[in-house]
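*Asks:* This is what each chain is made of:
Number of protein chains: 2
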Amino acid sequence: MGINDFVSSEDDRLDKLLKFTAEIDKMTGVLRRTVLIDKSRRENDAEHSWHIAVMAIMFEEYFTGKADIGRAVQMCVVHDLVEIYAGDTFAFDKKGNEDKEQREAAAADKLFSQLPKEQGDFIRGLWEEFDAMETDDARYAACMDRIQPLLHNTLTDGHTWVLGGATREDIEKREEPVRLYMPKVYEWIERNIENGIKNGWISPS
Amino acid sequence: MGINDFVSSEDDRLDKLLKFTAEIDKMTGVLRRTVLIDKSRRENDAEHSWHIAVMAIMFEEYFTGKADIGRAVQMCVVHDLVEIYAGDTFAFDKKGNEDKEQREAAAADKLFSQLPKEQGDFIRGLWEEFDAMETDDARYAACMDRIQPLLHNTLTDGHTWVLGGATREDIEKREEPVRLYMPKVYEWIERNIENGIKNGWISPS
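Chains A and B, in that order, give the protein sequences.
Mapping of the first sequence onto the working numbering: residues -13 to 191, in sequence order.
Mapping of the second sequence onto the working numbering: residues -13 to 191, in sequence order.
The shape of chain A in the complex, shown without the other chains (with noise of 0.2 Å):
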């Protein structure tokens, strides 16, 4: 069962693509710190970047630069592969933050180089667009992995605020791309961070 089991088209392209699919089906088992809003269990990165892809293509209005909507869900999908290798990094663990880079860069290298050159450049350039943060349409997919677990954290008793005994000021750092590129948003997300000290979620410093 599993790969084993895969039948070969005789062509070697398509071959890499279907086994790359069958591959990053493991992302479904990436758990994050994040729980979904029903709380029943801890989010995977398949069901985190398919929800913040859909976002991508409604909070247009409120990013104040000028994103490729279409460029910007395509990075939305792909922005957390390396971590099917690399593992899931928590937000406010500063310790597995040190070394994110270098384990990531060795887990793209393993992931990619699975693919057809010109896919894995494509999907490669794609995430390192998304991490460096420098062009509109990475900066608006920043804003959109920024807001959704903040928003699963207001509606579950700020859950991985709690986990991760997190401060005002760890919350306003992670959430700086929204400050810088989406400030309607941002107004609503300091609302949450008084909203979350009130009620005992978030360390006031």
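Identical copies go unnamed one by one, so any copy, or any two together, can satisfy a pair.
Lysine to any residue pairs mimicking SDA-like chemistry, simulated, CA-CA at most 25 Å apart:
id	residue 1	residue 2
1	K5	E158
2	K2	P163
3	K96	N(-10)
4	K5	G186
5	K5	L17
By construction, these hints were calculated from the structure, which means they are not laboratory data.
Model the placement of chain B on the given structure of chain A, informed by the hints.
*Replies:* Chain B in isolation, oriented as in the chain A frame:
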């Protein structure tokens, strides 16, 4: 807990977008008949939608039409949203497929009316275009939606084929978009149908 904890942004459009984002988290609980490739559990609609969106970034060279990949990826991530209220209809359930159209239209009314008009119309348009399968973007996205569950079946002992008592004809009908628009991939599908018959996962007639 849950949506009752929502803190308003005092901006009606933004509130709608954020609440809709929370509402569609329910896609993580819409279970398909397909199982994950590691067979650990049933796949959900969020995972499936994400999976075919990544595929859409990769398989363009096998498509005989001319797709706008950015649009096709957007279609992929929204194509099953109505199932939040209509439920997933098993591909090999003939009875369930009889009233699928009416159930999904009612679900679409309920779902998309929760959004600001522009976003609601846009996403509904993408979903309707996907379903009608009359444009290249929709045909390409539909192919992804057919290849992914078939790939899962080939690697999980024909899981939904066995479950639904699928015949060769059922599968050929289901995979018709791939035969029409991605003929090289369809050759690989034919090999897998033969293999599935040989393994007793598919009824030869």
